[in-house]
Amino acid sequence: MSTNIKYFGLLAEITSCREESLGNSPSTVNELLELLFEKYPDLKEKDFRVAIDQQLVTEDTQITGGEIALLPPFSGG
Amino acid sequence: MSTNIKYFGLLAEITSCREESLGNSPSTVNELLELLFEKYPDLKEKDFRVAIDQQLVTEDTQITGGEIALLPPFSGG
Amino acid sequence: MKDRKPKNVFVEGAISPEFIATSIAKHQSKTSIGAHDIFLGQVRADMVDNKTIKAIEYTAYEEMANNKFHEIREATFGKYELSCMHIYHSLGTVNAGEICLFVFVSSPRRKVVFEALEYVVEEIKANVPVFGREIFEDESHQWKVNT
Amino acid sequence: MKDRKPKNVFVEGAISPEFIATSIAKHQSKTSIGAHDIFLGQVRADMVDNKTIKAIEYTAYEEMANNKFHEIREATFGKYELSCMHIYHSLGTVNAGEICLFVFVSSPRRKVVFEALEYVVEEIKANVPVFGREIFEDESHQWKVNT
Chain A
1 MSTNIKYFGL LAEITSCREE SLGNSPSTVN ELLELLFEKY PDLKEKDFRV AIDQQLVTED
61 TQITGGEIAL LPPFSGG
Chain B
1001 MSTNIKYFGL LAEITSCREE SLGNSPSTVN ELLELLFEKY PDLKEKDFRV AIDQQLVTED
1061 TQITGGEIAL LPPFSGG
Chain C
2001 MKDRKPKNVF VEGAISPEFI ATSIAKHQSK TSIGAHDIFL GQVRADMVDN KTIKAIEYTA
2061 YEEMANNKFH EIREATFGKY ELSCMHIYHS LGTVNAGEIC LFVFVSSPRR KVVFEALEYV
2121 VEEIKANVPV FGREIFEDES HQWKVNT
Chain D
3001 MKDRKPKNVF VEGAISPEFI ATSIAKHQSK TSIGAHDIFL GQVRADMVDN KTIKAIEYTA
3061 YEEMANNKFH EIREATFGKY ELSCMHIYHS LGTVNAGEIC LFVFVSSPRR KVVFEALEYV
3121 VEEIKANVPV FGREIFEDES HQWKVNT
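Chains as they are written, first to last, in the working numbering: chain A, 1 to 77; chain B, 1001 to 1077; chain C, 2001 to 2147; chain D, 3001 to 3147.
In isolation and in its complexed conformation, chain A is listed as follows (with noise of 0.2 Å):
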């Protein structure tokens, strides 16, 4: 199974993708996390969450497949 991944704003910027999809299946959020870290380090400074299906999620969650985004601080308005 891939891991499809979106990136948003100054996150996109870093990954120079807005969407991409895994080889690798991590099973969790830490695991996902350690993985992109590796890819791209300049994530690690950056301050972000992370949503799965539009629901924000903790690092010891579970990924059982949905859409994986990685969302940088909100400013809209």
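It should be emphasised that the hints constitute simulated quantities derived from the structure, not laboratory data.
One-sided excerpt, in silico: chain C residues whose CB lies under 10 Å from chain D:
id: 1; residue: A2014
id: 2; residue: I2033
id: 3; residue: R2044
id: 4; residue: S2106
Chain D residues, not near chain A, derived (Cβ > 12 Å throughout):
id: 5; residue: S3023
id: 6; residue: Q3028
id: 7; residue: K3051
If you're wondering where the values come from, they're calculated on a predicted model, not measured in any experiment.
By construction, the Cβ of each residue, glycine as well, lies at the ideal position given by its N, Cα and C atoms.
Since the structure of chain A is provided, determine the placement of chains B, C and D on it from the hints.
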């Protein structure tokens, strides 16, 4: 000296005029009100305030000239 | 806003949406503003004893009212850091559904506009000698009381 | 307002004063409304390190944002007795001085619109995934942070 009085809103309906000049020269607001209640008995039932030169005054305020106005409850907006 | 002399707040009849749009557009050159807050009072077609209000006819003790509006402006600028403030109130007939009061405050940041706008509107309701005559569909009337 | 499905809150580019006027005008047939309160967010030409912001470019996680806007609407209707509520937010480029957020609440009486409007605006700022890229006059940029 005559006393000029402006009436607004509901009060102008009771007095049938928006402005009038009384022949008498009451020396306090209280005296003025007695004169007006005699002339317009219906005023007695009504809730209103008195302004002299656009400042709200109390019943014992001295009248030494100026523009007198009878103001029913404000209902702007 | 350097213009702090009492000015005429009253407009004849209802305040149109186009008038409001023009006022908003004028602020687009003031690029230090980050937040606007606008209050609009609209005439309600309330039903009283089976009769419906079709309009309110506003009169005012105009000189005193304009001075009170000015005092409210001064007090508000003293209490809150605003970029600008505009107040317009109708005189004469305003039909149900039309706008009779337009209060517009602007500031670099949003927190202050919420507080300032409510303050201004409550001050106007309480302290400005404006009088509303509510006209029913059968042409009878009653005098508006603010709550 | 019976329409409680998530709807698209986003508009492309700045929100014009005419758009706001049209929205106000549409409420003149709703004669149970006595008070409107409108918040407008305007892009500030802030200066940072001697460079001036000339525009903000907004992007959003649109599906999540529209769902969040919907949740905020539902929560607000649950907390406050409103006649209606409208929210519009820009996507894409909004120049300094132009409007990027338009929140409009209406009610029979005024007290509730003040509270409801501030609640809605704070909820939007805190909980809706919208991202502002601040563009300086020399085309460099920084990412907006809400305070």
